[in-house]
Each structure stands twice: as structure tokens, then as C-alpha cells.
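Visitor: Given next are the chains, with one letter for each unit.
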Amino acid sequence: MRVMYCRPMFSAVAVLALWLAAGPVWAQTRAETLRYVTGASVNTLDPNVPGTTREAFAVSLGTYDRLVSFGRKQLNGRWVFDLDKITGELAESYDVSPDAMKITFHLRKDAKFQDGAPVTAEDVKWSLDRAVTAPVLGKAQLLTGSMTSADQFKVIDPLTFEVTLPKADKLALPNLATVYPIIINSKVAKANATAEDPWAIAWLKEHTAGSGAYIIESFKPGEQVVMKRNDAWNRGSPEKSAFFKRVIVQSVPEPATRANLVERGDADLVIDLQASDVQSLEGKGTLKVVSTPQYNAVTFISMNNQIPPFDNANVRRAIAYALPYDDMFKAALFGRGTPLFGAMWADGKPTTSAYPFQQPVKLDLDKAKEYLKAAGLPDGFSTTFSFNVGQASTAEPMSALVKESLAKIGIKVDIQKLPDAQMSTQINEKKLPFFTEGIVAWLPSTDYFYRNFYTGEQRWNYSSIKNTELTAIAQEARFEPDKAKYDEYGKKLNAIHFAEMPQIPLWQPNQDAVMATSIDGYTYQFHRQVDYRDLNRK
Amino acid sequence: MKSFGATMIWAGRRFLSSLPALFGVLVFTFLLMRVLPGDPAVFFASGPNAGKEEIAIIRKQMGLDKPVPTQLLLYLYDVGRGNLGRSIMTGQPVTTDLRDRLPASLELTFTALLIALVSAIPLGVVAALKSGSVIDHGVRLFCALGVCVPTFVSGLLLIYVFYYLLGVAPDPTGRLDVFTSLPPPRTGFLMIDFVLAGDIDGWWAAFRQLTLPAVTMALFVIAPLARITRASMLVSLGSDFVRTARSVGLSWWRIVVTYALRNAILPVITIAGIVFSTMLGANVLVEKVYSWPGVASYALDALLSSDYAPVQGFVLLMASVFVAVNLLVDILYGIADPRASMG
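Protein sequences, first through last, are from chains U and G.
Residue numbers for the first sequence follow this note's numbering, so the first one is 1491 and each next one is one higher.
Residue numbers for the second sequence follow this note's numbering, so the first one is 54 and each next one is one higher.
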């Protein structure tokens, strides 16, 4: 009797299994197709639109060319971008005048847009004018390279283009290799511009008019982008087109599913898995895992230097000595990153002029208690510690450890988990006393970090530090051509950082790229996304 | 039962009377979004160099630079013209996003509801017929498991078994294998569009893609449906008319299906209606786990990033669906039970 009732269930399962069993017919081009899965999504084809996601940056690197691009170098056996080696992309070569106030670009004669029209200096001028005049993201970026006005861009002849700078600025050239200053087919863009939208921002959001290695085949915002190779493109380093004939960028929100996909070989590459999944996939040894410390990024524990009691440097120092760094590093990242704590400074002075740097702090509760006493708060105080939902997988275990450890020196911590938009709003309004956040700089030089993340009334100054000496040195360093002097400035800035302890750098998380063993050429890029042009299949 | 025309007039009147409620939902959601503490402009201006200027641009784009009453009036004016605003997150008009995504959600929900009904009603009937037996307890256990295992757990489990271990299911990424091309969009329902296009392979691919998420969702809603079927079957099996039917020696099938089940089905229809509306909005976890491009995951992403327009559009859509489903349930009720008055 019982068996009889079980039978329908059993046959249902059997039928289900049979239905699912018929395998798909793989297209023959599978080997020539790159399937990249990501938890984020592409929301625009023009990286300049305010609100652009990082995945959209990656797509734009494939669809558009810039004048120049960064070279790559080996760092501990992994390929990473090289800020100091700028190579031509649309420019065949460039000359910098002796006073470094003029940069002349010689465009490639054979460069064509995807519609077949040649790339001319006129297009370059229109595109860069757009980047500095239109309400786009490029404006704030190019400002950091002293490019602010269309007057600075001049067409010499159809293949020669000149940029004039008000001051010798080391970051001018690197800025032109960043994501924003894409070179657009100006004739096509102008044809689709309107009176209210002279820079065709609305049109370029959904269409491309570039000369890049990949042509958009289909674009479904929030779901997937499919690109096919532009066979005429030859701006890759070996002067030939990109390897993959087709690139599929697909949004898969669930990290466990992404891990399954890449493990089963259905996806070729993924860079945003959870640390625990990476750990286990690496252990199995059937996939290639390239872990690169994100050396242009830092994760902090930040304190608002204007809100009591964190306005007292001794309180900030007390916190710096009361954090269980090693445990936090293991719990949050499984040790996958570069620690920024526990350095040894023999004479108490910074050993490096680079930023981010390792600070000589470690867990030392006695020292922490002394600092609290010096601050006049021997019995501690209460505060809230905030992090955003988007970072919960790393921030949650970490904040539990922070709470536990600070309780030992009498500081009572309430943990506050905020939706991402709320967190950024409160940071912008400088309302959070104590929180964790991360930063990234595309052009990671010491003065750039200090100017952008430690000065002014702006959002990225997480600690809201107002230190006139620090501000002055960082400004000075920006235009310092002499390497030795620059290093001296860098060390001074780092010394101020350690003395003031405005916020506590914790670590630089790894970028864990997990890929099929056949995938080669992966390079860690400044934008922390995959540049599909780098990749090939062995 | 009244004539078809009368039913339609009645339905039309019912629909009109729900308009004030929809309007209320619209205004309430609008205000609620603005009261929430996240500022979308700050969130979206998150490029490495975004400063005050970018925030101001986005605020202007979203119309947030105007006072709230003006914003509300503009919004109502736009909604009246069928424009639900633009999502910053996807860069598309909200109506386009919803139009693209609603069929995905509906297709999944309909399939799941179908699976759930087809399995829940027999389960409930069997449990009622053999009440107190091992089978009854087995059904109860199955239902309890279905309800208490969250959908993302059962979803991940099914993926693990059928995709990862056995390799029989396609990869759980959306409505269609990335290597299969889409049919020309007619209804937005892939199962229908592929048939219309005469593409059997495509239909098969879409069907395989749909199976696991639909089963995951069905597992979760079988319980209320089976329990309610069992309860109302028990009532109607114990009623006088069934006893009479038995005593006059009608066939087992006729007693159970024609008399008992038809009378027991009313509460099941009501619950199915409620379950359907709930599933459509609440299946966000299933959509996330299977990367299903539906409306619920879209609304959740929008909510996390305080993208006002999509959230408002979604709530309005859900309210309208709820109204429509309730209307449908009432009509079905009238068909199943001639006594139900439509006044």
C-alpha cells in the first residue's frame, strides 16, 4: 500500500531528471567565447554617465579606445597594470615638451571607428572637450590631471593633437589612460545630439560609437552584455586583434552560483567570489586562481575626527592599539590580502614614502588603556560602529571582533548595519562617528591619496581630518618634479598620519580572479575589473 | 449565475472602486521613499572622483532639487501619462524595465503555482481521505519541510544536486542559456514565444531553465494549499450531502471529486489568489538564486540603492496585480459557487 502511494512521487522525480538530462548543443565557438559572470551589472555603455557601475567601466574599455593606456608589469609573479609605463592606444606616439607643459599626440594612421570612418584629431578634440565640459564623470577625473577647459585641447592636423597644461603635472598623461576620456566618433555622436543634449549623453548611454576591440551585440541592462570582436582593431600590445571572438558579460547575483558555474566550467572567469569559496576552489586545484593584492585600494576603520570623543587623538590611538588585527584579518578575509598593520619602524619613523603603508600598530590593550587615560576617558565610552550591507560578508565578522575587543578597554560598541545608500548619505553628511569603509585610487601616488582622502570638506575625507600641515605638504608634493624631494614629502605625510591616526588602515584585500585553467593573460587593472582584451585561451 | 455581461459590468465597477486605493498606494510609496534616510544622489555619485558637482547633477536628473510637493505633482502628472520615471540603476525608463521583467516573473510564478496546485490538491485530498494515517503524517511532514526550508536554501540545494552533482539541469542563470538565441518577442513569455516562433529546441532550452526555479518556488507554497485542501475536504467529507451520496451508492470518484472536492475548492481558490500575489512580489530570493531577471529582484536592488522610481513603479505594479487577482478570484468564486453573490 505504501509503495503504491510512493510510486507517483518517484516517477515524477524520474521524469524531472529525464527532462533535464538532455544536454545542450554547444556552439562550436565555445572555445573562442569568453563567458564572464559577475554579481554586479552593466548599466550604461558610456562610462561617463553619473551612476555608472564598475562593470560598465570594463565594457567601455573593450568598446572604446583612449589615446594612451597603461602597460603591465610582473608583481610577485602576477601581471598588474604599470602606472609608470604609458603606451599608445589610439596615439602611435606622444612627445612631452621639455617644460612638461605640452603633450603632443601622433595618432595611428590605420585607426578606424567601428563604422569604418578614420579616427581623426577632430574626434579626439570633441571627445576630450566633452569630458571636461559636459556634465559627466570625466570632468572631476581630468581635473586631477590639470585638464579643465576645452581651450587646452588643440588640433594641429588630422593626425596630430596637442594638450596644453597650465602647470607641469605628472598626472596629466596617466589621466588620459583612465576609464573616462574615451575617444568617440564625433560625427555619429553629433548626429544623435539634441539641443538640450549637445554632447549626446542620452544616446551614447545606449549606443556605442567607438573604435574599440569589441562591438556590442546585445545590451540588456542588469542582465547581460554580449560583444563580438572587432577584427580590424590592432591596438593590443602585439599589434593584433583581441583573442576572444565573443565576450559574454552576465550578471549572476548569487555568489554561490557563480562559484558553481566556474567550477563546472560553464563560466570562464569570475572575480567577485566570497573569500571562503575562493579558498575551497583553490584547494580543489582544478581551476586557476590569481590573487592580486589590490595595491591601489585600502580598507579602513575610520573615525570622524570632528565628533567627540574621536576629536581627541589619544582616543584614536587607543582604538588603534585595541583592535585584534590578526583575528580580524582571518575572520574577514581568510587572510587573503596584504596587512597594513604590524610594521616595525626601528627609529619610530616611516620607512616608506608610498601610501598605503604598513603602520607599526598591533593589539596592545595596556597601551590602549594608557591612551584612553591620557584622553581623560579611563572608563571608556559608548559609540556605534557602522558598515554597509554590501560589505556584510567581510564587515560583519570583523565588527563583532571590534566590539568584543573594545569592550575590554571599556568602550561599548553598538553595531549598525546600514543599506548602502544610507551609509553613503551619512558619510557624505559626516554623521557617522566610527565605521569601516574602503577607498581606491586609479592613479595611486602618495600625494593623490592624501589630497583626495585626507583633505577638504568632501565625502572621501572619511575621517574629516583638518590638518593644515598635511594639506600643504600634499599640495606641494603634487607638482614636485624631484624624486628625492617627493619621497621626503611622502615620508612626512606618512609620519603625520601615524601621529594623528585620523583613521586606521587595516589591509588591502586581494582581487581573487578564479578562471578555467585554459584562460591566460589575466591582468589586475587600476579599475579593478577585467580588461577582456588582455585575455586569451591556451 | 448572472449573465456574462452583468459579470463584466460588476467587475468593471469593482475595478473602479479600487482606484482610490491604488492612488493612495502611489502617494504613500512616494512619500515613504523620500522619508527613508538614504540619498540616491550620493549613492550613485560614487565614482572615485565624484564630488558635490556630480551629486548635484544626479539630484537634478532625478528631479530631487525641487521641493517634495512639486516632485509629487510632477510624478503624478507623469504617471497619468504612463511614464513611471527612469531608473538610475539600469539607466532605462521604469516602464521598459517592468515590461521586460514582468513576463519573466509571471511565467515563473504561473508555472510554480501550477506545479503547486497540481501537487497540493491531490496531496490534500489524499491526506483528508486517509486522515490520521501514515500518509496524512507524511504529507504533513512534507508540507512542514517545504515551508520551513527558506527558498534560497531549497534553491541552492536543488542547484547543488541537479546542476552541480548530477549535471542534468542547465546552469542556473536566467531564463535562457546564453548560447541560445531569443525568439522574436511577442508576449514576453518565452514558453509561448518559442511556440509561436516554431522553435522547439529553444522552447526546450527555456523549459529546462524554468523547471528548477519553478519547483523551488512551488515547494514553498505547496504547504498552505495542501493544508487548506485537506481541512476543507475534511469538512465536506463529513457533511450531510456526502453521507447521502454514499448512502445512495454513488461511485467513489463521483463522491470525492464531484461532490466533496467541488465544495471544498472555494477556500483553495481564495488562498491560491493570495499565494499568487505574494509569490510574485516575494520570490526575490528565488530570482536572486537563479539570476532570474524578474521584477522582485529588480525592486530589491532599487531599494538598496534608494533608486526611487523603480521602487515606486514596482509597488504600483504589485498593487495593480493584487487588485486584478482579487477580482479574478471573485469571478472564479462565482463560477465555483453559484450562491456567491456579486453585489
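Derived from the structure by calculation, the hints contain no laboratory data.
Take these hints with a grain of salt, some might be off.
Cross-link-like lysine to any residue pairs, in silico, SDA-like; alpha carbons within 25 angstroms at most [claimed, not checked]: (1) Lys113(G) to Lys1563(U); (2) Lys1695(U) to Thr148(G); (3) Lys105(G) to Tyr1976(U); (4) Lys1710(U) to Phe232(G); (5) Lys105(G) to Lys1575(U); (6) Lys1898(U) to Ala1989(U); (7) Lys1563(U) to Pro1934(U); (8) Lys1575(U) to Asp1605(U); (9) Lys1695(U) to Tyr128(G); (10) Lys113(G) to Asp1574(U); (11) Lys105(G) to Arg1598(U); (12) Lys1615(U) to Lys1563(U); (13) Lys1695(U) to Asp354(G); (14) Lys1920(U) to Gly116(G); (15) Lys1710(U) to Lys105(G); (16) Lys1774(U) to Lys1710(U); (17) Lys105(G) to Phe1824(U); (18) Lys1778(U) to Ala1630(U); (19) Lys1657(U) to Gln1881(U).
On a predicted model such as this, the values are computed, not experimentally measured, just so you know.
Visitor: Could you run down the list of hints and mark each one as holding or not?
Guide: Hints, one by one, checked against the model:
Restraint check for Lys113(G) and Lys1563(U): not satisfied, since their Cα atoms lie roughly 43 angstroms apart, outside the 25 angstroms limit. With a CA separation close to 18 angstroms, the supplied pair Lys1695(U) and Thr148(G) stays within the 25 angstroms bound. Taken as a hint, the Lys105(G) and Tyr1976(U) pair is broken in the structure, with Cα atoms around 30 angstroms apart against an allowance of 25 angstroms. This hinted pair checks out: Lys1710(U) and Phe232(G) have alpha carbons roughly 15 angstroms apart, not beyond 25 angstroms.
Note on Lys105(G) and Lys1575(U): the hinted pairing is violated, with a Cα-Cα distance of about 32 angstroms set against a maximum of 25 angstroms. Taking the CA atoms of Lys1898(U) and Ala1989(U), the gap is about 24 angstroms. The hint holds against a cut of 25 angstroms. Between the alpha carbons of Lys1563(U) and Pro1934(U) the distance comes to roughly 15 angstroms, so the proposed pair stays at or under 25 angstroms and holds. A hinted pair counts as satisfied when its Cα atoms are at most 25 angstroms apart, and Lys1575(U) with Asp1605(U) does not qualify at roughly 31 angstroms.
Simply put, Lys1695(U) and Tyr128(G) have alpha-carbon atoms about 24 angstroms apart, close enough for the 25 angstroms limit, and the pair holds. Distance hint between Lys113(G) and Asp1574(U) is unfulfilled; the C-alpha atoms sit about 39 angstroms from each other, more than 25 angstroms. Distance hint between Lys105(G) and Arg1598(U) is unfulfilled; the C-alpha atoms sit about 38 angstroms from each other, more than 25 angstroms. For the proposed pair Lys1615(U) and Lys1563(U), the alpha carbon gap of about 31 angstroms is over 25 angstroms, so the pair is violated.
A threshold of 25 angstroms between alpha carbons decides the hint, and for Lys1695(U) with Asp354(G) the separation of about 20 angstroms falls inside it, so the pair holds. Between Lys1920(U) and Gly116(G) the CA atoms are separated by roughly 24 angstroms; this keeps the pair inside 25 angstroms, and the hint holds. Of the supplied pair hints, the one linking Lys1710(U) and Lys105(G) is violated, its CA atoms being roughly 30 angstroms apart against a limit of 25 angstroms. This hinted pair does not check out: Lys1774(U) and Lys1710(U) have alpha carbons roughly 34 angstroms apart, beyond 25 angstroms.
Using a Cα cut-off of 25 angstroms, the hinted pair Lys105(G) and Phe1824(U) is violated, with the two alpha carbons roughly 37 angstroms apart. Between Lys1778(U) and Ala1630(U), the direct Cα distance comes to roughly 37 angstroms. Violation of the 25 angstroms bound is thereby established for this hinted pair. Our distance criterion of 25 angstroms between C-alpha atoms is broken by Lys1657(U) and Gln1881(U), whose separation comes to about 40 angstroms.
Checked against the numbered hints listed earlier, the structure breaks hints 1, 3, 5, 8, 10, 11, 12, 15, 16, 17, 18, 19; every other hint is satisfied.
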